[in-house]
Structure formats: C-alpha cells, structure tokens
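Undergrad: Chain by chain, the residues run as shown.
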Amino acid sequence: MTDTIAAGVQPTAPDEVGEARSLGQDAWRALKKNKLFWASVVLIVLFVLMAIWPSLFTNQDPTYGDISRVRQRPSAEHWFGTDGQGYDIYSRTIYGARASIIVGICTSIATLLVGGVIGIIAGFYGGWVDAVVSRITDIFFAIPLLLGGILFMASFPNDANTPYFVIVGKVVLTLTIFGWPSIARLMRSSVLQVKPNEYVLAARALGASPWRIIRSHILPNALAPAIVVATINLGAYIVAEATLSFLGIGLTPPAISWGVAISDALVAIRTYPHILLFPSLFLSLAVLAFIMLGDAVRDAFDPKSR
Amino acid sequence: MADVILKADDIVKHYPIKGGILRTTTGHVKAVDGVSFELHRGETLGIVGESGCGKSTLGRVLMRLEEPTSGTVNFDGVEMYAQSGSAMRKLRRDIQIVFQDPYTSLNPRKTVGDIIGEPFDIHPDVVPKGGRKQAVKDLLDMVGLNPEHINRYPHQFSGGQRQRIGIARGIALKPKVLICDEPVSALDVSVQAQVINLMEKLQDELGLSYIFIAHDLSVVRHISDRVGVMYLGRMVELGTEAEIYQRPTHPYTQALLSAVPVPDPTMRGKREQIVLTGDVPSPANPPSGCRFHTRCFKAQEVCSVEDPELIPRPDGAGEHRSACLFAEPRVIVETVDVTDVEPDTRFATTDTVDVDAFGQTPGALPDDETAEVDRTEVADGYAPEDQPTGVGRMIDNREGDNPRPPV
Numbered sequence: 022m023t024d025t026i027a028a029g030v031q032p033t034a035p036d037e038v039g040e041a042r043s044l045g046q047d048a049w050r051a052l053k054k055n056k057l058f059w060a061s062v063v064l065i066v067l068f069v070l071m072a073i074w075p076s077l078f079t080n081q082d083p084t085y086g087d088i089s090r091v092r093q094r095p096s097a098e099h100w101f102g103t104d105g106q107g108y109d110i111y112s113r114t115i116y117g118a119r120a121s122i123i124v125g126i127c128t129s130i131a132t133l134l135v136g137g138v139i140g141i142i143a144g145f146y147g148g149w150v151d152a153v154v155s156r157i158t159d160i161f162f163a164i165p166l167l168l169g170g171i172l173f174m175a176s177f178p179n180d181a182n183t184p185y186f187v188i189v190g191k192v193v194l195t196l197t198i199f200g201w202p203s204i205a206r207l208m209r210s211s212v213l214q215v216k217p218n219e220y221v222l223a224a225r226a227l228g229a230s231p232w233r234i235i236r237s238h239i240l241p242n243a244l245a246p247a248i249v250v251a252t253i254n255l256g257a258y259i260v261a262e263a264t265l266s267f268l269g270i271g272l273t274p275p276a277i278s279w280g281v282a283i284s285d286a287l288v289a290i291r292t293y294p295h296i297l298l299f300p301s302l303f304l305s306l307a308v309l310a311f312i313m314l315g316d317a318v319r320d321a322f323d324p325k326s327r
Numbered sequence: 002m003a004d005v006i007l008k009a010d011d012i013v014k015h016y017p018i019k020g021g022i023l024r025t026t027t028g029h030v031k032a033v034d035g036v037s038f039e040l041h042r043g044e045t046l047g048i049v050g051e052s053g054c055g056k057s058t059l060g061r062v063l064m065r066l067e068e069p070t071s072g073t074v075n076f077d078g079v080e081m082y083a084q085s086g087s088a089m090r091k092l093r094r095d096i097q098i099v100f101q102d103p104y105t106s107l108n109p110r111k112t113v114g115d116i117i118g119e120p121f122d123i124h125p126d127v128v129p130k131g132g133r134k135q136a137v138k139d140l141l142d143m144v145g146l147n148p149e150h151i152n153r154y155p156h157q158f159s160g161g162q163r164q165r166i167g168i169a170r171g172i173a174l175k176p177k178v179l180i181c182d183e184p185v186s187a188l189d190v191s192v193q194a195q196v197i198n199l200m201e202k203l204q205d206e207l208g209l210s211y212i213f214i215a216h217d218l219s220v221v222r223h224i225s226d227r228v229g230v231m232y233l234g235r236m237v238e239l240g241t242e243a244e245i246y247q248r249p250t251h252p253y254t255q256a257l258l259s260a261v262p263v264p265d266p267t268m269r270g271k272r273e274q275i276v277l278t279g280d281v282p283s284p285a286n287p288p289s290g291c292r293f294h295t296r297c298f299k300a301q302e303v304c305s306v307e308d309p310e311l312i313p314r315p316d317g318a319g320e321h322r323s324a325c326l327f328a329e330p331r332v333i334v335e336t337v338d339v340t341d342v343e344p345d346t347r348f349a350t351t352d353t354v355d356v357d358a359f360g361q362t363p364g365a366l367p368d369d370e371t372a373e374v375d376r377t378e379v380a381d382g383y384a385p386e387d388q389p390t391g392v393g394r395m396i397d398n399r400e401g402d403n404p405r406p407p408v
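Protein chains in written order, with my numbering: chain A, 22 to 327; chain B, 2 to 408.
Mixed in with the good hints, there may be bad ones.
Said to hold, decoys possible - Which chain A residues stay away from chain B? Per the calculated CB distances, all over 10 angstroms, these:
#	residue
1	53
2	59
3	151
4	222
5	227
6	237
7	268
What the hints assert, rightly or not - In the EDC-like style, the derived pairs of lysine to aspartate or glutamate whose C-alpha atoms are separated by at most 16 angstroms in a straight line are:
#	chain 1	residue 1	chain 2	residue 2
8	B	299	B	329
9	B	177	B	95
10	A	216	B	329
11	B	91	B	102
12	B	111	A	47
Because the hints were derived from the structure by calculation, they are not lab data.
Backbone N, C-alpha and C define an ideal beta-carbon position, used for all residues, glycine too.
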C-alpha cells in the first residue's frame with residue numbers, strides 16, 4: 022500500500038510544472054466569460070471603427086446639405102432621415118463619433134498620466150510634499166468639471182477658421198485640467214495602501230532606489246483601480262464634450278459632433294423627434310459601453326468579487 | 002564565544018503622537034527605549050516578548066528601515082547609522098530580513114524568479130548577468146523548492162512555500178546577518194517546524210547569524226543560542242538559552258515561561274503558573290522606575306523609583322544579565338534535554354521536503370522518499386503506547402518530531 026502511495030507522488034513528467042498565471046492572466050480568464058465585457062467590447066470596437074474610418078459605414082457626404090429635402094422621416098435613402106439643414110442624419114451620426122471618441126480617449130489617457138504621476142508623488146513621498154500636492158488637488162477638485170470647461174472655453178473661444186484638431190485639443194485640455202484630481206486622489210490612496218506592504222519594505226531593505234520601488238512594486242499594484250476609474254470616466258468625458266458642444270462652446274459647426282447635432286435638433290423636438298433621437302442614442306450607447314467595460318474590468322481585477 | 006558581528010547600543014525609537022488642530026507633537030510612543038545587545042558570528046539570538054513590546058520595531062530599526070531616535074549599531078566594525086547613500090546600499094548586502102507574513106511579503110505581480118532575482122538586479126556586481134537565472138534556481142533548490150517553478154507567481158504557492166521564497170530572497174546576497182521578524186508565526190504548526198529546520202540548515206551551510214524575533218517561546222528555545230526577553234520597549238533579561246529557560250531571574254520571564262503549555266497530561270495542574278494581573282501599560286506613558294513594577298508579583302516601593310539596569314546578576318549557577326532589583330532564579334518548567342534521543346522513525350519528518358502543491362512533482366529532495374512512506378504509515382495507525390519514555394515531558398524537542406504548540 023505504501024508503495025502505491027509513494028509511487029503516486031513521483032513525478033509523472035519532471036518538466037511539467039503547470040502554467041504560470043499572473044494576476045493579469047487570471048483577470049483575462051474571468052473577463053473572457055463575462056458577457057457584459059464582450060457586449061461592451063463589440064460596441065467600443067464599432068465606435069472606434071466609426072471614428073477612424075467613417076466611410077466604412079456610409080458613403081453619404083455628411084457635409085452635403087440638400088435644402089429641398091429638410092427634416093425627412095427615416096427612409097431607404099436616408100436611414101435616419103435628414104435634419105434641418107438637409108444633412109443625412111445617419112452619416113452625420115457616424116462622422117460625429119470621431120470627436121467623442123478622440124475627446125474621451127485622449128482625456129482619459131491625459132488624466133491618467135497627470136493624475137497618476139501627481140498621486141504617486143503625493144502618496145509615495147508623503148509629509149509636506151503630500152500636504153502641498155493634496156491641497157492643490159483639492160483646489161482643482163472644488164471646481165465642477167462643466168463649470169471649469171465653460172469658463173475655459175468661453176475665455177478662449179473658437180472661430181470658424183480654427184482647425185478641427187485645435188478645437189478638439191482645446192476640449193481635451195480643458196477636461197484634463199479639471200478632470201485629473203479624481204485620478205490623483207485615487208492613485209494617492211492606492212499608493213498609500215500598497216506602500217506599507219512587506220514586499221516594499223523588503224525592496225527597501227535590499228537597497229532599491231525610490232524609482233525602482235515605484236516602477237516595479239508600487240505602480241503595478243496600485244494602477245488597477247485608476248485604470249478602471251479612467252475607463253468609467255471616459256464615458257463622463259464624452260458626455261462633457263457633448264455638453265460643451267451643445268452649449269456652443271465646445272466643437273462648433275462646421276465640425277460634426279453628437280453634441281452639435283443634439284443642439285441643432287432641439288429646435289424641432291416636438292415635430293421631428295427623430296432628429297434628436299439618433300445622435301442621443303449613439304451618445305448613450307458609447308457612454309454605456311465604456312462604463313460597462315470599466316465595471317467588467319473592475320470585477321475582474323478585484324479578487325474579492327471572485 | 003566567537004567575535005561580535007553586530008553590536009546595538011542603547012537603541013531608542015520614539016514615534017511622535019500628533020494631536021490638536023495644529024498637529025503639534027503631544028507625546029511619544031516609546032516603542033523601543035534603550036535596547037543594547039550584541040550578536041556573535043554564527044549564533045542565533047532569539048528575541049521574545051508579547052505583542053506591542055517593540056520586537057518588530059527593533060528589527061526594523063536594526064535594518065535601518067526606520068531611522069532610530071538615538072543609539073548606534075556597529076555592524077562588523079562599521080557604524081551603521083553614520084553611513085549614507087552608496088555605503089549604506091553596500092552594507093545592506095550583509096544584513097537582510099525575512100518578514101512575518103508570507104502573504105504580503107511577496108509582490109503578487111512578480112514571478113518567483115523576479116522576486117528572488119531582484120537582489121541581483123539591485124546589486125549587479127554580485128552575480129554576472131548571465132548567471133542570474135542559475136543563481137535563482139540554486140537558491141530555490143537550497144530552500145527546498147522545485148527550481149522549475151521559477152516562472153510561477155506567489156499566489157500559486159502555499160504559505161510555507163512562500164515563506165521559503167522570502168528566505169531565499171533574504172539569503173540571495175549571502176548576508177552575514179539575517180533578521181527574522183516572526184518568520185513562522187503566520188504558518189501552520191507542522192509547517193513551522195519545516196521552516197525552522199530549513200533555517201537551521203541554512204545557518205550551518207552559510208554561516209549566518211540570526212536575530213530571531215518571535216513570540217513563541219518554544220520556537221525561540223529550539224532555534225536560539227541566546228535569548229533576549231523584551232517588555233515595553235526594554236530588554237529585561239538576556240542570556241543563553243539555558244540561562245533564560247532553566248534559571249530565569251526576571252519575574253516577567255518567569256511569568257512568561259510559566260504560561261508555556263506542556264504537552265504532558267500527567268503534568269497538568271502540578272506545575273506553578275504565574276498569572277499576571279492587569280494589562281500592559283501604554284508605551285506612550287510607561288511606568289516610572291522598573292517598567293514591570295505595575296504588574297510584578299515581587300514589586301516593592303523601590304521598584305517604582307529606581308530603574309534597574311540590564312547587568313549581570315546571579316542566577317544560582319552563575320550569572321547573566323537581568324534587569325530586576327530582586328533577581329533570583331526560580332525553576333518554572335522541568336524540561337528534559339532530548340538532543341541525543343533517537344527520533345521515532347514512525348513519525349513524519351519535518352525536513353524540507355517539498356511536496357508540490359499541485360501534486361505533480363516532489364520537490365528538490367526526491368531521494369528522501371522515506372518521509373512520504375513515514376507519513377503513510379502514521380496514517381495507517383500505530384498504537385501510541387510504544388513511545389520512548391521521557392519524550393513527553395519536554396517543551397523543547399530537538400528533533401522536532403512533535404509539532405510544538407504555540408504559546
């Protein structure tokens with residue numbers, strides 16, 4: 022009997038040591054089974070494709086307005102109908118994705134970089150550095166995103182000749198200036214959570230430099246929540262961009278954007294609601310997709326939810 | 002005894018207590034308050050004491066993970082706290098630490114190879130770049146883990162295996178001193194024995210000196226050559242293992258030892274237990290004079306005035322350092338030295354045989370199959386009456402074939 026048991030623990034194949042799974046791979050395995058994750062990924066891929074190659078989806082020219090056929094109901098020729106200028110709503114909605122996606126993604130990345138660096142500095146160095154940086158963060162946090170955006174965009178208005186990417190860049194800059202504090206606070210708190218861990222102490226005991234500790238121990242363990250919130254915020258930035266454009270101080274015609282389209286549609290909201298419906302629907306779907314993605318990623322990275 | 006490798010002199014670590022609107026300092030937590038000792042080359046100095054007595058803080062101050070409020074540490078002829086920058090980095094090679102919790106002491110996002118290889122990245126001149134992977138594998142082998150597991154992540158290992166990874170990281174730079182901050186208290190009792198035996202093996206192979214911080218008196222007795230007892234930031238008694246365990250002179254040590262459970266039912270109720278009253282006073286406002294006088298069964302008026310020094314005091318057979326004005330020996334627990342007793346072969350050994358957590362491969366010592374066979378035989382059930390006599394009456398079991406109960 023003992024022989025069989027002893028034989029049972031002998032290696033079946035000495036080189037087989039099982040697969041090494043990192044936490045990231047574990048999270049990916051969890052994500053793969055999540056239907057919400059795949060739904061949001063499909064939506065996001067569609068929106069990103071719209072932003073990069075709008076001509077894949079439509080061959081209509083969004084800037085061609087036929088004044089003889091304004092405010093038509095949806096038909097085979099104009100799937101979503103036409104708006105007050107005789108533009109094809111379907112193609113304008115497709116082309117409008119570009120502004121929203123660029124603003125959303127660029128602002129998220131910029132806030133993650135700015136807020137992340139500031140949060141890490143505050144959390145890691147502590148003491149008076151933390152006190153000064155945190156108060157500055159508080160000052161920016163006290164200004165509502167939209168109010169700050171309105172003030173900034175009203176101070177530096179666009180005119181009809183301003184190039185498209187300058188306008189988009191301005192919107193990204195405004196939203197970043199007033200959006201980074203939430204990421205900075207989050208990053209600071211998660212650095213404070215990671216810092217007292219014994220593996221950080223062990224690295225210090227080995228004589229590792231602060232840069233090395235941040236790069237190889239603090240950052241990989243503190244980044245997950247910030248990425249999740251940045252993904253969820255992406256939806257909020259898309260909304261903020263649409264709001265600024267709606268108010269006429271973000272993107273302005275002739276630039277095409279969902280916010281501009283919604284603003285234009287308000288004139289005839291009772292008689293021609295479809296003009297408002299389609300850009301609003303796309304805007305909601307884009308925001309929903311990013312928030313669902315953020316939720317799914319958060320669940321996958323949070324070991325307690327498993 | 003051999004030459005002194007580390008000499009700590011009057012180490013003090015106070016943490017400020019901030020209060021009020023202006024965050025002014027209203028007091029200090031005296032975590033470590035004047036501790037002096039020396040560590041000899043190749044020996045193990047155990048440091049025991051209850052929770053909050055400053056053991057771990059002492060370990061961190063010795064590592065210079067925290068700057069001391071005052072005091073000096075002379076490490077191998079070098080004043081440690083006077084070093085800065087690159088000199089301190091170089092010094093860190095020679096003094097390393099193993100932490101208590103194997104679940105937080107390993108970075109969950111790094112592979113075992115990265116974790117154990119990090120010392121070589123920080124000190125690139127220790128091992129040439131090409132030899133690092135092999136060096137990591139050798140270290141894994143040395144601590145009884147499968148070198149093939151180099152690409153696994155910490156969460157794929159059990160607690161005992163993780164602690165061995167922590168030890169491998171600690172010994173990677175071939176330090177002279179390894180500070181062990183409660184290295185086994187987070188582990189299962191049977192795994193504790195494996196890790197302790199591994200540490201003893203490594204000490205023999207590498208000539209390490211250990212500072213072994215623990216609250217488990219039996220574990221400390223098993224591994225230590227000398228033992229220091231701490232109470233409220235002070236060292237109250239310091240002596241060899243025999244002096245502390247057989248002839249303790251400080252009332253606190255005596256009370257601590259009387260609380261050690263003895264794994265012998267026939268001894269139950271026959272031995273004296275000293276039960277201390279009250280709680281440990283706050284380290285922010287320690288008692289005057291002798292810090293133990295508020296709970297001491299021997300306390301007299303002079304104790305609250307005069308602060309006893311840690312100086313040699315007679316213990317019956319000789320003398321060793323004790324910080325009590327009324328130091329006198331007292332036999333607390335009768336023990337039997339089992340160093341030479343042949344271990345019972347029917348019990349499972351606690352050697353560092355690594356049975357793979359996933360049941361695929363036995364660890365680095367595949368020739369030691371007897372351990373596996375022994376376990377199955379114990380499981381088959383042998384009557385317990387044919388034990389060798391006398392083995393039951395001990396708290397110290399040199400061969401480690403009985404798991405020791407924690408204090």
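Undergrad: Could you tell me which of the numbered hints above are not met by this structure, giving the numbers in increasing order?
TA: 4, 5, 6, 10 and 11
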